[in-house]
Amino acid sequence: MTLTDLPMRTSATVEAVEDRVPNDAISRRLRELGFVDGEQVQVMAAGPLGAEPLLVQIGYTRFALRREEAARVRVRSNGASPA
Amino acid sequence: MSASLLLQYVAIGVAVLASAVFVIKRQFPNTVLRMRIACALSLVREGRPAWLRALGKRIAPPASIAEAGACGGCDSCETPSRS
Amino acid sequence: MNAAAAPLRLALIGNPNSGKTALFNLLTGSRQKVANYAGVTVERKEGRLVAPSGRQYAVLDLPGAYSLHPASLDEAIARDVCRGFYPGEPAPDALVCVVDATNLRLHLRFVLELREIGKPMIVALNMADAARRRGIAIDVDALQRELGVPVVETVAVRSGGAKALVEALDRMDLAAAPTKPLSEHHGAGAEAASAQDLHAETRRLLALAVTMPRRTARIDDALDRWLLHPVFGLFALAAVMFLIFQAVYAWATPVMDGIDAGTAALGEWIGATLPEGPLNSLLVDGIIAGVGGVIVFLPQILILFAFILALEESGYLPRAAFLLDRMMAAAGLSGRSFIPLLSSFACAIPGIMATRSIQDPRDRLATIMVAPLMTCSARLPVYALLIGAFIPQQKVGLLGINVFNLQGLVLFALYAAGILSALAVSWVMKKWRRDKSEHALLLELPSYRLPHPRDLLIGLYERAMIFLKRVGGIILALTILLWFLLSFPAAPPDAVGPAIDYSFAGRIGHAMTAVFAPVGFNWQICIALIPGMAAREVAVSSLATVYALSAADDDAAAQALSPLIADGWSLATALSLLVWFIYAPQCISTLATIRRETNSWKQVAISAGYLFALAYLASFVTYQVAVALGAG
Chain U
27 MTLTDLPMRT SATVEAVEDR VPNDAISRRL RELGFVDGEQ VQVMAAGPLG AEPLLVQIGY
87 TRFALRREEA ARVRVRSNGA SPA
Chain Y
700 MSASLLLQYV AIGVAVLASA VFVIKRQFPN TVLRMRIACA LSLVREGRPA WLRALGKRIA
760 PPASIAEAGA CGGCDSCETP SRS
Chain W
234 MNAAAAPLRL ALIGNPNSGK TALFNLLTGS RQKVANYAGV TVERKEGRLV APSGRQYAVL
294 DLPGAYSLHP ASLDEAIARD VCRGFYPGEP APDALVCVVD ATNLRLHLRF VLELREIGKP
354 MIVALNMADA ARRRGIAIDV DALQRELGVP VVETVAVRSG GAKALVEALD RMDLAAAPTK
414 PLSEHHGAGA EAASAQDLHA ETRRLLALAV TMPRRTARID DALDRWLLHP VFGLFALAAV
474 MFLIFQAVYA WATPVMDGID AGTAALGEWI GATLPEGPLN SLLVDGIIAG VGGVIVFLPQ
534 ILILFAFILA LEESGYLPRA AFLLDRMMAA AGLSGRSFIP LLSSFACAIP GIMATRSIQD
594 PRDRLATIMV APLMTCSARL PVYALLIGAF IPQQKVGLLG INVFNLQGLV LFALYAAGIL
654 SALAVSWVMK KWRRDKSEHA LLLELPSYRL PHPRDLLIGL YERAMIFLKR VGGIILALTI
714 LLWFLLSFPA APPDAVGPAI DYSFAGRIGH AMTAVFAPVG FNWQICIALI PGMAAREVAV
774 SSLATVYALS AADDDAAAQA LSPLIADGWS LATALSLLVW FIYAPQCIST LATIRRETNS
834 WKQVAISAGY LFALAYLASF VTYQVAVALG AG
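Protein chains in written order, with the numbering used here: chain U, 27 to 109; chain Y, 700 to 782; chain W, 234 to 865.
With the rest of the complex left out, here is chain U (with noise of 0.2 Å):
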C-alpha cells in the first residue's frame, strides 16, 4: 500500500519510493529526506480541504505533503500499535 492509503496515526514501514515519471525529482528528494527502505513512517493530520496535505512524519522529522507526493511512497504496515 501506499503512504496515502495509511490510517491515520498508524506506524508503518518504508519499502521504496516509486519514480512517477522518469528521473523523478520529487522522487529522488523524497529518498533524500529519508523515505527509504526500513524507516518507521506516520500520517500524523491532515489539511482542512480536500484531506490535503498529509502531515507525514519520517523518522523524527515532520514533513507537509501533497497526496501525489505521497502517493509515491510505498509502505508496509509492522504490526505496531497506533501512536
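Worth flagging that the hints you see were computed from the coordinates, not collected in a lab.
Incorrect hints may appear among the rest.
[As the list claims (entries may be wrong)] Not close to chain W: a few residues of chain Y, all C-beta gaps over 12 Å, as computed:
hint : residue
1    : I711
2    : G712
3    : A714
4    : I723
5    : R733
6    : R735
7    : L740
8    : L742
9    : V743
10   : L751
11   : K756
12   : I758
[To be verified] Now the in silico label distances, taken between C-beta atoms and shown as ranges:
hint : chain 1 : residue 1 : chain 2 : residue 2 : range
13   : Y       : K724      : W       : N635      : 47 to 55 Å
14   : W       : R828      : Y       : K724      : 12 to 20 Å
15   : W       : R740      : Y       : T730      : 20 to 28 Å
16   : W       : N635      : U       : T36       : 45 to 53 Å
17   : Y       : R757      : W       : P240      : 26 to 34 Å
18   : Y       : R757      : W       : K702      : 22 to 30 Å
19   : Y       : T730      : W       : K628      : 50 to 58 Å
20   : W       : V854      : U       : R54       : 46 to 54 Å
21   : U       : D45       : W       : E400      : 41 to 49 Å
[Stated by the list, open to error] Below are the DSS-like pairs computed for lysine-lysine, each with C-alpha atoms no more than 30 Å apart in a straight line:
hint : chain 1 : residue 1 : chain 2 : residue 2
22   : Y       : K756      : Y       : K724
23   : W       : K663      : Y       : K724
24   : W       : K663      : W       : K835
25   : Y       : K724      : W       : K396
26   : W       : K396      : W       : K352
27   : W       : K664      : W       : K835
For glycine and all other residues, C-beta sits at the position ideal for the given N, C-alpha and C.
Got chain U sorted already, so can you dock chains Y and W onto it with the hints?
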C-alpha cells in the same frame, strides 16, 4: 536682496540639489552608472590635460561587482546592511 | 599579531531550520534576520569573525540546503559555492556544517554528502541545549571518530554558545582533507556514494553515537494536534491574525500621540525662532511637517513586526502554510509561494527575490505577479493616516458585546482585501495558462520554539533602523523636492487663488484632476501620488507638506494633517484612496525588481499595467458607490 535672504536661498538651493542627486542615484542607479562611465571615458582620453584625466578616474564607478554587493547595490530592498 | 594574513574563508552550510543563521549572527555579530522557515534568503551574506587567537575569518552564510542535488536555485548556489564552482566566488577554505542536534536522523546524511567534497570541515551540532533537554544523548567523541572530522556542540541562541566551534576552527589544520570518505569504503573511486549507502551509513552512525528517548517532542505533537486540526486550526489562524491588528491599534495610540505632540512643538518653536522667509517655510512646512507626518507611524509598524517576528521564530508559520496550502493551490499558487508572499508583507522586493526558491517557473511568475498585492509595510502609514482621520475610534461587536476596535477591524479588512485579491488574480492567471503540471510541496515543519527575546529585539531594532533610514533618506529628499516645486514659481501679482495653485507642482496637480476626478481624488492627492511612486509613505509626507503650504494663516499651518483631511475630504474620497493603495504599484523599486528577476520588460509592463488598471477600477467603483450611498 538682503544678505539674509540670499543666504536662505543658497541653503535651499543646496538642499534641493542634494535631494535631487540622492533621488536620482537611488531610483535610477543603472543610468547613473552609465553616465559616470561615459563622462569618465571622455575625460581620460589621450591628449587631455592631466588634471582632467585625474578627475575622470575619480568619477569612474568602482571596478569590481563584488564591491557593490551581490545584487548590484541599490539599497532599495530594505534588507539590513551587509556587514 | 598576524593582521597581514588574509582571512580564512569559511562557508556555513546546512539544512534549513538548523539554526545556521543564528549561528552566523553569533559568530559575526552582524544583524541578520533569523527565521526557522526554509528558504527565506538567497542574498549573499558575509560576515567577519575575529577569534580570540587573533585569526580572522570571512564567514559566508549559504542558503539552506537538504542535499547536494539541488532542487531549487538556493540549493544550486549553495552547492556551487561549497565546491568552489560559483563564478566570482572564491572557493571556501573550510566548511562548517551546521546540523540540528535534535534531528540528526535527517541532518547527518547531508554531513556525509558534504564530506565527500573533500574540503576541511567541522560539524557544528547546533541546538545542543534543546537536544539535552529532550533527553537526546550524543556521543560526540564517537561521532568525531567515525566521521573523521572535528565535531563540536553549539548553542547559537546563547551568548558564548559558539566557543567550542571557534576553538576548533583555530586548531584546524587546513591542509588535511577529512579521512574515511564513503567512496573509499566502497571502492567506488570517483563516483559519489548512492543514496542508499548514505542512509546505511547514517543509520550506522546514529546507532553508534546517538540515543533518542522519544520520536519527537511531546509539545510538538500536542500543539500540532490542535493547530493543524481542520476546524480549530483555521480558527486559531484567523484569531491570531485578527488579534494582531487589534493590538496594533490598542497599543500604539499613546506613543503616537506623544510623537505628534513632539513634532508639533518642534515645528512651532522653529517657526517662531527663525525669521520669516523661504528657509523657515522649508523647515517647518516642508521637512518637519512632511517627515513628522510619517515618523508618527513607527510605533504601529514596530508592533506589527514584533508579532510577525515572534510568529516566524516560534515555528508556527509552516503550520499556517499547511492549513492554507489547498486554498493556495486552488488559486494556482504553490505552497512554496507562502514564504515569498509572507516576506512581501514587509516589502515586496525581498519577497520577489525569495521566489528564486520556487522551482516551477510558472509558479514563480505567478507569485511574482501577485507579491505587490501583499500589504507591504510602506502602505501602513497611508492606511493608518486615512483610518485615523475617517474611521471613528469606537468599539463594535456582536450581540451587544462590543470588544472589537473598529479601526483595527478596518485595517484587518484592508490586509484581507490584499490577500483575497492576490488569490483572485492568481486564479485568473491559472485559468489563462491552462496549467496541468504538478506543484510540489514537500515542506518541512520544524519543531516549535519559544521566540528568544534577544532575537526579537534585534529584529525589531533592524526594522526600526530600516524605517528611519527610509525617512531620513528618500522621504526627506522627496519632501524637500516637493516643497520646492510647490513653492516656486511664486504667484503672479494679479493672482486670485491661493499662491500654491500657481506653483509648478500645483499646476501639475490641478491638471491631473482631469483624470482622477471620477475616483474622487482632489489635486492635493494627485500631486502626492507622484513622489509616492518612489515610496508609498512619501504620499503621506507629501500631503502634509501640501496642506502645510496651503494653510491660510499660522494657526492653520500648525494643525496636524489628520484633522485637516478629516475636515476637507469626503468619506468617499478617503475610501477611494484606501482602495487605490491596495492595488496601485506605487513603488518604482518593486517594478525594477520584477524587471531584474524576470529579465523581461514585458512582465514589468504587464504587472504595472494590470495593477494600475485594477487600482483605478476599484477606486472608481468604491467612490461612485460611496457617493451614491451618501458619503460624498
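R735 (chain Y) non-interfacial with respect to chain W [C-beta, more than 12 Å]: Nearest chain W Cβ is 19 Å from R735 (chain Y), so the label holds.
Status of the given 45 to 53 Å range, CB of T36 (chain U) versus CB of N635 (chain W): 48 Å, holds
Check on G712 (chain Y) being off the interface with chain W, judged by Cβ distance over 12 Å: 9 Å, violated
Separation of A714 (chain Y) from chain W, once the least beta-carbon distance is taken, above 12 Å: Label violated. Min Cβ-Cβ 5 Å, cutoff 12 Å.
Holds or violated: K663 (chain W) to K724 (chain Y), with C-alpha atoms at most 30 Å apart: Violated, at about 38 Å.
Given as non-interface: I711 (chain Y), partner chain W, CB spacing beyond 12 Å: Label violated. Min Cβ-Cβ 6 Å, cutoff 12 Å.
V743 (chain Y) remote from chain W - nearest C-beta pair above 12 Å: Correct as stated: the minimum Cβ-Cβ distance to chain W is 26 Å, above 12 Å.
Verdict for K724 (chain Y), N635 (chain W) (Cβ pair) under range 47 to 55 Å: 51 Å, holds
Cβ distance range 46 to 54 Å for V854 (chain W) and R54 (chain U), holds or violated: 49 Å, holds
Minimum Cβ distance from I723 (chain Y) to chain W greater than 12 Å, as the annotation requires: I723 (chain Y) is in fact no farther than 12 Å from some Cβ atom of chain W, at 10 Å.
Assessment of proposed distance window 41 to 49 Å (beta carbons of D45 (chain U), E400 (chain W)): Cβ of D45 (chain U) to Cβ of E400 (chain W): about 46 Å, so the range 41 to 49 Å holds.
T730 (chain Y) paired with K628 (chain W), Cβ distance criterion 50 to 58 Å: 52 Å, holds
The structure shown violates the earlier hints numbered 1, 2, 3, 4, 23, 25.
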